[in-house]
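Novice: Working from the sequences, and respecting the hints, build out all of it.
Listed here are the chains, written in short residue letters.
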Amino acid sequence: MNDTKTVEPKKEFDKNLFWKAVYAVTLVCVCLGFYWATTQTDYIWRWNRIPKYFYYIDDVNVTAEIEGEVTSITKKDDDSVVIVSDGTDSEHYTIPGSDLMVDVGQTVYMGDTIGTYSEGRMGLLVEGTIITIEVSIVSIIFGILIGLLTGLSRISTNPFLKMSAITYIEIIRGTPLLVQIMIWYFVLGTIINNLLSKAGLFQIPELWFGIASLAIFAGAYVAEIVRAGIQSIHKGQMEAARSLGMTKTMAMIKIILPQAFKRILPPLAGQFISLIKDSSLLGVIAIRELTKATREAVTTSLMPYELWFVCGVLYLVITFTLSMFVQYLERRTAEA
Amino acid sequence: MIDVKNVHKTFFVPHEVQALHDVSYHINPGEVVVVIGPSGSGKSTFLRCLNRLEKADSGHIMIDGVDILDSKTNINKVRMEVGMVFQSFNLFPHLTVLENVTVGQTSVRKRGKKESAEKAMTLLNKVGIHAKANNFPAQLSGGQMQRVAIARALAMDPKVMLFDEPTSALDPEMVGEVLDVMKALAKEGMTMVVVTHEMGFAREVADQVVFMDEGKIVEVGTPEHFFTDPQHDRTKLFLSQIL
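Protein sequence lines correspond, in order, to chains C and Z. Each residue of the first sequence is one higher than the one before, counting from 0 in numbering that gives the first Met the number 0. Each residue of the second sequence is one higher than the one before, counting from 0 in numbering that gives the first Met the number 0.
Hint data in this document are derived by calculation from the structure and do not stem from the laboratory. Where a beta carbon is used, it is the ideal one built from N, C-alpha and C, also for glycine. All clues stand as given, with none of them false.
Between beta-carbon pairs, the in silico distance windows are:
id, chain 1, residue 1, chain 2, residue 2, range
1, Z, T121, C, F159, 40 to 48 Å
2, C, H233, Z, V65, 27 to 35 Å
3, Z, G175, C, G173, 57 to 65 Å
4, Z, F11, C, Q230, 18 to 26 Å
Specialist: Here it is, written out as structure tokens:
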């Protein structure tokens with residue numbers, strides 16, 4: 000017998016692995032359970048109908064706009080050019096492809112189809128996503144500018160700047176965004192466009208009032224983030240910069256803000272993710288962003304389950320991309 | 000060089016404290032003045048008043064013939080001539096060591112990039128940190144950081160250097176390297192005002208030692224006189240406690 004037992008290293012039960020497995024199983028169960036529940040409500044899933052909300056082929060009819068005779072049909076590259084003449088005037092119609100309904104010498108009347116072709120088009124959800132992204136990007140850019148100026152005013156020693164900043168921040172943070180959007184559209188929007196039309200100038204589309212409401216809403220929060228970021232920089236930094244003879248502005252630009260930027264990046268990212276989600280409220284003033292587009296699609300297709308899930312996933316894709324981008328920025332600034 | 004007359008300064012935050020009470024003092028060019036005193040005696044406030052990081056309530060402070068309390072004075076011009084070194088170094092953490100020393104030259108003195116960098120390297124060489132020129136301050140030891148801070152102040156070609164307890168935040172073994180740089184500076188004839196607790200430095204380098212307590216200058220003298228034959232009871236008590 001061997002006295003010195005070779006002690007088998009007791010296989011450490013991997014607790015983490017176990018709980019990861021539990022997580023995966025739970026996730027699958029929730030999904031299956033949900034699916035089962037939907038079958039109980041007689042819901043028929045039609046995922047196959049979803050792609051057309053992203054991209055679809057549209058048949059376009061080219062119709063005659065005058066009454067007259069087809070005088071010539073020529074081929075130009077892949078297009079067909081049809082010329083219709085009523086004796087005095089003539090019209091050119093260019094139809095991609097060669098699916099024509101007329102021949103030379105035939106008489107056409109106004110509204111007659113001359114030819115048809117198919118064209119790929121963006122679906123409703125893609126259009127909505129693009130508007131959501133556009134609105135968010137423009138609002139974020141203005142939000143940063145407004146927030147930076149307000150944040151600096153907030154810590155200024157000038158009473159006018161300071162009090163203006165506080166008033167703005169308190170009003171915006173103390174009222175619901177939905178109400179602000181309504182005020183921008185129904186009150187300020189009407190007044191501004193009315194004044195513009197009286198002055199004989201252009202009209203501002205509602206999209207810009209939506210952007211204004213989001214940018215000004217985000218600006219108030221960004222201002223507080225900027226203020227906190229600047230105040231978190233040790234006051235010795237300002238003193239050191241001033242002791243070199245820098246002006247306050249120069250010290251702010253060269254010394255304080257670059258340091259503050261690193262610290263405010265994470266809360267700023269959170270704010271912008273909020274802004275993207277908040278843009279879903281713009282549907283109430285007839286801006287067809289992703290949520291409104293989904294609502295329209297649901298109304299016509301009666302597929303709320305699929306469409307709302309897709310809508311949610313699209314928001315996730317946008318916000319996740321943004322947070323990945325910010326993480327990349329954080330890593331880059333951390334190196335410096 | 001520096002002429003301080005009847006300066007008063009009261010702080011109201013967090014509570015009312017008279018930090019400086021009728022302080023008058025004169026510093027000649029090339030003089031090294033060491034200010035000592037118990038904490039709360041107003042010695043740091045006195046120093047910070049000299050480049051208006053604290054604005055004195057009343058009195059006159061003349062730096063090289065310019066009254067810095069006059070509202071018409073461009074304080075940034077004066078500060079270019081008055082270098083300052085802080086207890087907590089206050090290096091700019093987002094800039095490299097070299098950039099810390101060039102940023103003032105390029106943005107305030109309006110020197111060219113190349114000229115600033117050359118000047119910075121000469122100074123970093125002088126304080127013995129040229130090898131770390133491209134490191135960030137966080138990668139340096141406390142003593143090295145303080146030496147960079149001295150180089151940063153010197154890069155502006157100041158006529159006066161102010162030191163606000165430059166070794167108080169350092170580990171004991173790093174105090175020597177910073178004091179050595181300051182001693183070399185004093186030998187070159189730089190006008191220096193140093194607030195410190197390093198009595199050895201005061202004894203060795205100071206031309207004048209100023210003892211402050213409760214916002215007033217209690218006693219002034221040469222180091223020999225000061226450390227061997229103090230006149231005031233308060234000075235005697237202070238020295239007996241720290242020596």
